[in-house]
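Given these sequences and hints, build the entire structure.
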Amino acid sequence: MSRKKLTAAPWSDRIFDLVVYVAITMVTIVTLYPFLNVLAISFNDSTDSIKGGITIYPRVFTLKNYETIFAYSGLMTGLKISILRTVTGTILGLISASMLAFTLSRVDFQARKFVSTFLALTMYVSGGLIPFYILIKNLEMMGTFGVYVLPSLVSAFNVFVIRSFIDGLPYALQESAKLDGANDFTIYWRIILPLTKPALATIALFLAVGQWNAWIDTYLYNGSKDTLTTLQYELMKVIQSTTTNADTFRGRNMTQVMAQISPESVKMAITIVVTVPILLVYPFLQRYFIKGMTLGSVKS
Amino acid sequence: MKAITTKVQPGPKKPKSSFWPTFLQQKYLYMMAIPFVLWAFVFSYLPLWGWTMAFQKYKPGKSFFEQKWVGFQYFRELFQDEQFFNALRNTLAMSIMGLLAGFIIPIIFAVLLNELRLQVLKRFVQTVSYLPHFVSWVVAAGIITKMLSTDNGAVNDLLLSLHIISEPIQFMAKGHLFWGIVTASDVWKETGWNTIIYLAAISGIGPELYEAAKVDGASRLQQVRNITLPGIRTTVVILLIMSIGHLISIGFEKQFLLGNNLVRDYSQTLDLYALNYGLGMGRFSFGTAINIFNSVVSVILLFVANGIFKKITKESII
Numbered sequence: 001m002s003r004k005k006l007t008a009a010p011w012s013d014r015i016f017d018l019v020v021y022v023a024i025t026m027v028t029i030v031t032l033y034p035f036l037n038v039l040a041i042s043f044n045d046s047t048d049s050i051k052g053g054i055t056i057y058p059r060v061f062t063l064k065n066y067e068t069i070f071a072y073s074g075l076m077t078g079l080k081i082s083i084l085r086t087v088t089g090t091i092l093g094l095i096s097a098s099m100l101a102f103t104l105s106r107v108d109f110q111a112r113k114f115v116s117t118f119l120a121l122t123m124y125v126s127g128g129l130i131p132f133y134i135l136i137k138n139l140e141m142m143g144t145f146g147v148y149v150l151p152s153l154v155s156a157f158n159v160f161v162i163r164s165f166i167d168g169l170p171y172a173l174q175e176s177a178k179l180d181g182a183n184d185f186t187i188y189w190r191i192i193l194p195l196t197k198p199a200l201a202t203i204a205l206f207l208a209v210g211q212w213n214a215w216i217d218t219y220l221y222n223g224s225k226d227t228l229t230t231l232q233y234e235l236m237k238v239i240q241s242t243t244t245n246a247d248t249f250r251g252r253n254m255t256q257v258m259a260q261i262s263p264e265s266v267k268m269a270i271t272i273v274v275t276v277p278i279l280l281v282y283p284f285l286q287r288y289f290i291k292g293m294t295l296g297s298v299k300s
Numbered sequence: 001m002k003a004i005t006t007k008v009q010p011g012p013k014k015p016k017s018s019f020w021p022t023f024l025q026q027k028y029l030y031m032m033a034i035p036f037v038l039w040a041f042v043f044s045y046l047p048l049w050g051w052t053m054a055f056q057k058y059k060p061g062k063s064f065f066e067q068k069w070v071g072f073q074y075f076r077e078l079f080q081d082e083q084f085f086n087a088l089r090n091t092l093a094m095s096i097m098g099l100l101a102g103f104i105i106p107i108i109f110a111v112l113l114n115e116l117r118l119q120v121l122k123r124f125v126q127t128v129s130y131l132p133h134f135v136s137w138v139v140a141a142g143i144i145t146k147m148l149s150t151d152n153g154a155v156n157d158l159l160l161s162l163h164i165i166s167e168p169i170q171f172m173a174k175g176h177l178f179w180g181i182v183t184a185s186d187v188w189k190e191t192g193w194n195t196i197i198y199l200a201a202i203s204g205i206g207p208e209l210y211e212a213a214k215v216d217g218a219s220r221l222q223q224v225r226n227i228t229l230p231g232i233r234t235t236v237v238i239l240l241i242m243s244i245g246h247l248i249s250i251g252f253e254k255q256f257l258l259g260n261n262l263v264r265d266y267s268q269t270l271d272l273y274a275l276n277y278g279l280g281m282g283r284f285s286f287g288t289a290i291n292i293f294n295s296v297v298s299v300i301l302l303f304v305a306n307g308i309f310k311k312i313t314k315e316s317i318i
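Protein chains in written order, with full-length UniProt numbering: chain B, 1 to 300; chain G, 1 to 318.
Derived by calculation from the structure, the hints in this document are not laboratory data.
Among the hints, a few may not be true.
With a cut-off of at most 35 Å between alpha-carbon atoms, the simulated DSBU-like pairs for lysine-lysine come out as follows [stated by the list, open to error]:
| id | chain 1 | residue 1 | chain 2 | residue 2 |
| --- | --- | --- | --- | --- |
| 1 | B | Lys-225 | G | Lys-68 |
| 2 | B | Lys-137 | G | Lys-68 |
| 3 | G | Lys-311 | B | Lys-113 |
| 4 | G | Lys-174 | B | Lys-291 |
| 5 | B | Lys-197 | B | Lys-178 |
| 6 | G | Lys-59 | B | Lys-197 |
| 7 | G | Lys-62 | G | Lys-122 |
| 8 | B | Lys-113 | B | Lys-80 |
| 9 | B | Lys-291 | G | Lys-311 |
| 10 | G | Lys-62 | B | Lys-291 |
| 11 | B | Lys-225 | G | Lys-62 |
| 12 | G | Lys-27 | B | Lys-178 |
| 13 | B | Lys-80 | B | Lys-225 |
| 14 | G | Lys-174 | B | Lys-51 |
| 15 | G | Lys-62 | B | Lys-113 |
| 16 | B | Lys-137 | G | Lys-59 |
| 17 | G | Lys-122 | B | Lys-197 |
| 18 | G | Lys-68 | B | Lys-113 |
Just so it is clear, the structure is predicted and the values come from calculations on it, not from any experiment.
Here it is, written out as structure tokens:
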């Protein structure tokens, strides 16, 4: 917005400016301070932290908290599974959503209306927690890696975002490819997919963040399977274990870890480990997801 | 709202020939779509079949035909359970508080951001404000619990140093504070993210309106009141109506993570109730009855919201 500065701003505008800056500064502090505080405590000596008074920098710097948590095998398994589900879930989710979006963008596709309605309805029907749990059980997906990827494979919202993007591409591209003898799958793979990159970047971010942050599926379906726990689930256990809601706590090894350094420092260090990947990714994709958000919410 | 219109492209023609030849011609399209139709059938529609469990005395391991039918017995049990009404109250309270706060505060924040003249600062604040949206609720709950803790929690430290309180407040152990804590956590986490849509709407307002107002000697506050806010009114109304449709489906994630046994009377939502008293105790039929109640009410709310929406805009969101 290009607003020329008035030669003499009236006092009411100066107060207005002041209020704006004060409010914005406060919001920024309230948002950022908790993260910086957690970061500082995670690098601070755990016995020193108990004294309190750590703000945004460590008082007695140490890496011991991190050394301790990485020595705990559950965390390494969690890290491995979290990365694996994020990569698999994002790639498969992207292929599924874009493939489906491509077929729905084709006005000449006979089954278009049916597929489109069938998919749109999934946004509104929900069987609920327990029928879904029983379904997963009957499909014998309990205690499998597949339960992280398959049930959340397609989201109608994502499909519609990509479709509206494909709708904006010139159809002539598809037509000329067809004249060259390309079939519909080749058109999708060689022409549509490369051109849809900006929309795919947004969806990839949403999918990856969703996968990385998920923990309820681990809790419900894979909680007793040590080899399939995720990082978020491990963090959840640690956080819940020292609050009064201890009935969900199952980790024995973590109790031993916590005996060495204070639970507070363990929590903070794991929190940072879980948060850092997000921090590394989202600022760079900002322009994409803003576009995706505005497009998606108008279309749906 | 600024409608994003996709340019009308010279699209493919509708087929004129009969079904089978076109079917063969489009075999690749079918091959690309059918797996997902099957997927949607299994993971979205099949759970609805599971609703039959609520009318049976469901025992795992038995086939559908071996189950004993009990009619509405579990619904009668449900409507006689005090916990159910407690869970319903908590669900409604937290969703209405969340709706109001999550609707008003992002608008204020968007307007404030829009008034920032330093573009570098604006971009920085925006980037910072998106951060909490991207971290999981597990991380958020951990951070919030830490900030509100009685030993060295930032909030208590601040209040103590300002002499507003003389004893640390046990935020996480006080039931009557729980709804407020959940709402505030939601605001902390999602405000930045929710401003995106309002900022987009604000940027759609023509700069000539502001120029004209300035010529007429309008102050910045008057410009906000008379140009910015009316300019985003349509967006606001649409988003508000849409959120009515999702009023009751707040799930259990935040309540599960932030709650504990001390505040259970205030933290237990319908879904958490289904988790604790249905799944947790192996009472699958009873839990399914809770889920059905929840789903049916949310579908009704969705239709109500859509009805209001249709009346106002003559369009449908469903």
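Query - Hints the structure fails to honour - result: 4, 6, 7, 8, 10, 15 and 18
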